[in-house]
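Visitor: The lines below spell out each chain.
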Amino acid sequence: GQSLEQPSEVTAVEGAIVQINCTYQTSGFYGLSWYQQHDGGAPTFLSYNALDGLEETGRFSSFLSRSDSYGYLLLQELQMKDSASYFCAVMGGSYIPTFGRGTSLIVHP
Amino acid sequence: EPEVTQTPSHQVTQMGQEVILRCVPISNHLYFYWYRQILGQKVEFLVSFYNNEISEKSEIFDDQFSVERPDGSNFTLKIRSTKLEDSAMYFCASRDRDNSPLHFGNGTRLTVT
Numbered sequence: 001g002q003s004l005e006q007p008s009e010v011t012a013v014e015g016a017i018v019q020i021n022c023t024y025q026t027s028g029f030y031g032l033s034w035y036q037q038h039d040g041g042a043p044t045f046l047s048y049n050a051l052d053g054l055e056e057t058g059r060f061s062s063f064l065s066r067s068d069s070y071g072y073l074l075l076q077e078l079q080m081k082d083s084a085s086y087f088c089a090v091m092g093g094s095y096i097p098t099f100g101r102g103t104s105l106i107v108h109p
Numbered sequence: 001e002p003e004v005t006q007t008p009s010h011q012v013t014q015m016g017q018e019v020i021l022r023c024v025p026i027s028n029h030l031y032f033y034w035y036r037q038i039l040g041q042k043v044e045f046l047v048s049f050y051n052n053e054i055s056e057k058s059e060i061f062d063d064q065f066s067v068e069r070p071d072g073s074n075f076t077l078k079i080r081s082t083k084l085e086d087s088a089m090y091f092c093a094s095r096d097r098d099n100s101p102l103h104f105g106n107g108t109r110l111t112v113t
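So the protein sequences, as listed, match chains X and F.
Counted from 1, the first sequence has number 9 at position 9 by the working numbering; the numbering is strictly sequential.
Counted from 1, the second sequence has number 94 at position 94 by the working numbering; the numbering is strictly sequential.
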C-alpha cells in the first residue's frame, strides 16, 4: 500500500515564505503531485514532480527527492487567498493518485 | 476553460435508500474517477473508469457501489443502500491521459440521515 505524511497545519504571515513537507511510502513510484483545496471545494492541481529537483510555477515551487521519499511545496510571497488546504498525492504502483491527509495553511495579515 | 460538472451539489437521503450522483467530465477526457472526502479528512480514491469499464477500485468500493457511463457525456456513481457512514463529499475527476493532472468537479455533498 501507500502512505503519506504531511503536517496537519501551518501558519504564516502575509508576504512570507512557507514550506509544506510530504514524506511517502510506496512500493512503486511514478510521481508526486500537489493540490490546493479551498473550504472543501474542488481540489485544484498545482504542481507535479516525476524526477528529482525543483519545479517552479510562479509563486509556487515543488521539490522531490526520490531517494529520500520526500517532497515539499514552497509558497512564496504569501497572500491571504493562499489560505487553504494543500494535499500531496503520490502515484505509486499505478497512475492513480493517493492523497495525504492535507495541510491546512493559515495566512495572517 | 472546460470543467467537470457535478449534480446535485447537495443530496440528503435516508439510510437504506439508493442515490445516484452525476458527473459530466471534460469532453475530450478518457479517464474518469470518483473520490470521496469525509468532512475534514483526506481525499480517498474509490474507483477509476476507462474504455467503458472499471480499471481499478479501492476496498471502499464494495458491492453497494457501482459506476456507469450511460451515454457519451455522463458518468454516474450509484450507492444502492446508503449507510450513515457514506455521508461525505463525493468528487468526480477526469483527465486526458493516465499520467496527467486530475481535474475535479465541485463535488456532491451526500448526507445520510
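Simulated from the structure, these hints should not be mistaken for laboratory data.
Take the hints with a grain of salt, since some may be wrong.
Estimated spans, in silico, between C-beta atoms of each pair [to be verified]:
{"#": "1", "chain 1": "F", "residue 1": "T7", "chain 2": "X", "residue 2": "D39", "range": "33 to 43 Å"}
{"#": "2", "chain 1": "F", "residue 1": "E18", "chain 2": "X", "residue 2": "Y70", "range": "20 to 30 Å"}
{"#": "3", "chain 1": "X", "residue 1": "S3", "chain 2": "F", "residue 2": "G72", "range": "36 to 46 Å"}
According to the in silico footprint, chain F covers these stretches of chain X (three or more CB under 8 Å from chain F) [unchecked claim]:
{"#": "4", "segment": "20-33"}
{"#": "5", "segment": "42-48"}
{"#": "6", "segment": "61-73"}
Take a look, some chain X residues computed to stay more than 12 Å from chain F by CB distance [as the list claims (entries may be wrong)]:
{"#": "7", "residue": "L4"}
{"#": "8", "residue": "V10"}
{"#": "9", "residue": "E14"}
{"#": "10", "residue": "G58"}
{"#": "11", "residue": "E77"}
A virtual CB, placed ideally from N, CA and C, is assigned to each residue, including glycine.
Visitor: Taking the numbered hints from earlier one at a time, note which ones the structure violates and give those numbers from smallest to largest.
Guide: 1, 2, 6, 7
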